[in-house]
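K.L.:
Please model the complete structure; the sequences and the hints are all you need to start from.
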Amino acid sequence: MSSSFEITKNWLLNSGIFTSEPSNPNFGGVHSFYDEKNKKFAFLYPEITGYYASTMRFLYENEKNEKYLNFAKASCDWLIDLYEKFGGIIQGISPEGITKKYVYSFDTAICSKGLLDCYIISKDNKFLEYAQKLNNWILTNTLENDGSIKPVKNLETNQFEIDDKVWYKKSGCLHIKLTIPLLQLYKITNDETSLNAAKKIANSIINFQQSDGSILLHQNNKVVNLHTMLYALEGLIHAYNVTRDENYLNCCKKAVNWCENQIQSDGSIDLWFNSRYHSKSSYPIAQLIRLKILLAKLEQKNLDQITKKLQLFLLTLQAQNTDKSINGGFYEEFGKTIFGWKKNLKVNSWASMFSLQALFWFENFSEINFEKEVELLY
Numbered sequence: 271m272s273s274s275f276e277i278t279k280n281w282l283l284n285s286g287i288f289t290s291e292p293s294n295p296n297f298g299g300v301h302s303f304y305d306e307k308n309k310k311f312a313f314l315y316p317e318i319t320g321y322y323a324s325t326m327r328f329l330y331e332n333e334k335n336e337k338y339l340n341f342a343k344a345s346c347d348w349l350i351d352l353y354e355k356f357g358g359i360i361q362g363i364s365p366e367g368i369t370k371k372y373v374y375s376f377d378t379a380i381c382s383k384g385l386l387d388c389y390i391i392s393k394d395n396k397f398l399e400y401a402q403k404l405n406n407w408i409l410t411n412t413l414e415n416d417g418s419i420k421p422v423k424n425l426e427t428n429q430f431e432i433d434d435k436v437w438y439k440k441s442g443c444l445h446i447k448l449t450i451p452l453l454q455l456y457k458i459t460n461d462e463t464s465l466n467a468a469k470k471i472a473n474s475i476i477n478f479q480q481s482d483g484s485i486l487l488h489q490n491n492k493v494v495n496l497h498t499m500l501y502a503l504e505g506l507i508h509a510y511n512v513t514r515d516e517n518y519l520n521c522c523k524k525a526v527n528w529c530e531n532q533i534q535s536d537g538s539i540d541l542w543f544n545s546r547y548h549s550k551s552s553y554p555i556a557q558l559i560r561l562k563i564l565l566a567k568l569e570q571k572n573l574d575q576i577t578k579k580l581q582l583f584l585l586t587l588q589a590q591n592t593d594k595s596i597n598g599g600f601y602e603e604f605g606k607t608i609f610g611w612k613k614n615l616k617v618n619s620w621a622s623m624f625s626l627q628a629l630f631w632f633e634n635f636s637e638i639n640f641e642k643e644v645e646l647l648y
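All letters in the sequence shown, in the order written, are residues 271 to 648 by the working numbering.
Since the hints were derived computationally from the structure, they do not count as laboratory data. In this text, all values refer to a predicted model and were calculated from it rather than measured experimentally. Yeah, the Cβ is synthetic: ideal placement off N, Cα and C, and Gly gets one too. Where hints are given, some of them may not hold.
What follows is a set of in silico ranges between Cβ atoms, one per label pair, in the way DEER data are often shown [what the hints assert, rightly or not]:
1. E516 - G367: 47 to 57 Å
2. K578 - E641: 38 to 48 Å
3. K492 - G610: 22 to 32 Å
4. E366 - Q532: 34 to 44 Å
5. S364 - E331: 29 to 39 Å
6. N460 - S636: 30 to 40 Å
P.N.:
Structure follows, in structure tokens:
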């Protein structure tokens, strides 16, 4: 087993990014990142806690260690408490305990998937019930006729909002990932409403994908963001797996081909295109590695040199440090400065979770298969 995989796993379990003390009122909650410069964990992030529950299912399916099951249940119980307290999955809780009272459709879907993953390994119906509540909220309140999604609700005004200045406060290609919990619920319950909604969302790809394969962040705007583009592809690969509609698969292949053409000599890809922002981030590279591995397995191909090049770049952002709060996690990105590229000293939770899965699949490529792993893609 890869030492890179093992130290990533150790960071996710033991660094403090996960609130593991049962007496802590936020037991089960996951922090967004560890700030190496200021030596402290950042805000508790419900969306990322949803990813954590899914990550624990991934580890549990491979190792059957009860610790992972217990951590998944703790994370989901924390999310359920938030839902009961605020009436939705809020954006976050600061280290000072201040809550950000916005409910994002995207975050809600990621938490729904975490709950469904926890249900699958725990067989506790409570997690299924709350996942259904979150999915129902998405279907009832956010889904538009064209498959687009209302992005965010302000709990203080009880209104949905759009902010043109903030990319994640607008409907975008990232919302195609909302197909995942809907399709997962369909597979558990045979609920056709979930399947039809998922297809409607997946079909909205035609509003974002360009003839060259790239996927726009927002309609009628030329900006491409690699991270959100890959979110869309994660939704589409799930949609293909359930429906076997070749259109979804072809969209994925075209987009991956575009990504490959953007790879720089060091194995990195810019996060932003047609934008004033410049950075090279770890998490979309991990996402792309995962997708390329799934496509290779589907097509019965070997690991290619491009995937190996991406993996080598990804490992340049893995932290090596004697401090357990840092060692093994993945830094968020290299940012562009007037002096060149500079590592951002935030050890990022979701970058580490995506990288964990990418590294495991990379190291165990010959043993894995498409059908099992695409179910576990988070």
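K.L.:
It remains to establish, for every hint, whether it holds in the given structure.
P.N.:
Results of checking the hints against the structure:
At roughly 50 Å, the beta carbons of E516 and G367 sit within the given window of 47 to 57 Å. The beta-carbon spacing between K578 and E641, approximately 24 Å, falls outside the hinted interval of 38 to 48 Å. For the pair K492 and G610, the supplied restraint of 22 to 32 Å holds, since their beta-carbon distance comes to about 27 Å. A hinted range of 34 to 44 Å holds for the C-beta pair E366 and Q532, which are about 40 Å apart.
The given range of 29 to 39 Å is respected by S364 and E331, whose C-beta atoms sit roughly 34 Å from each other. As the Cβ distance of N460 to S636 is approximately 34 Å, the hint placing it in 30 to 40 Å holds.
Consistency with the previously given hints fails for number 2 only.
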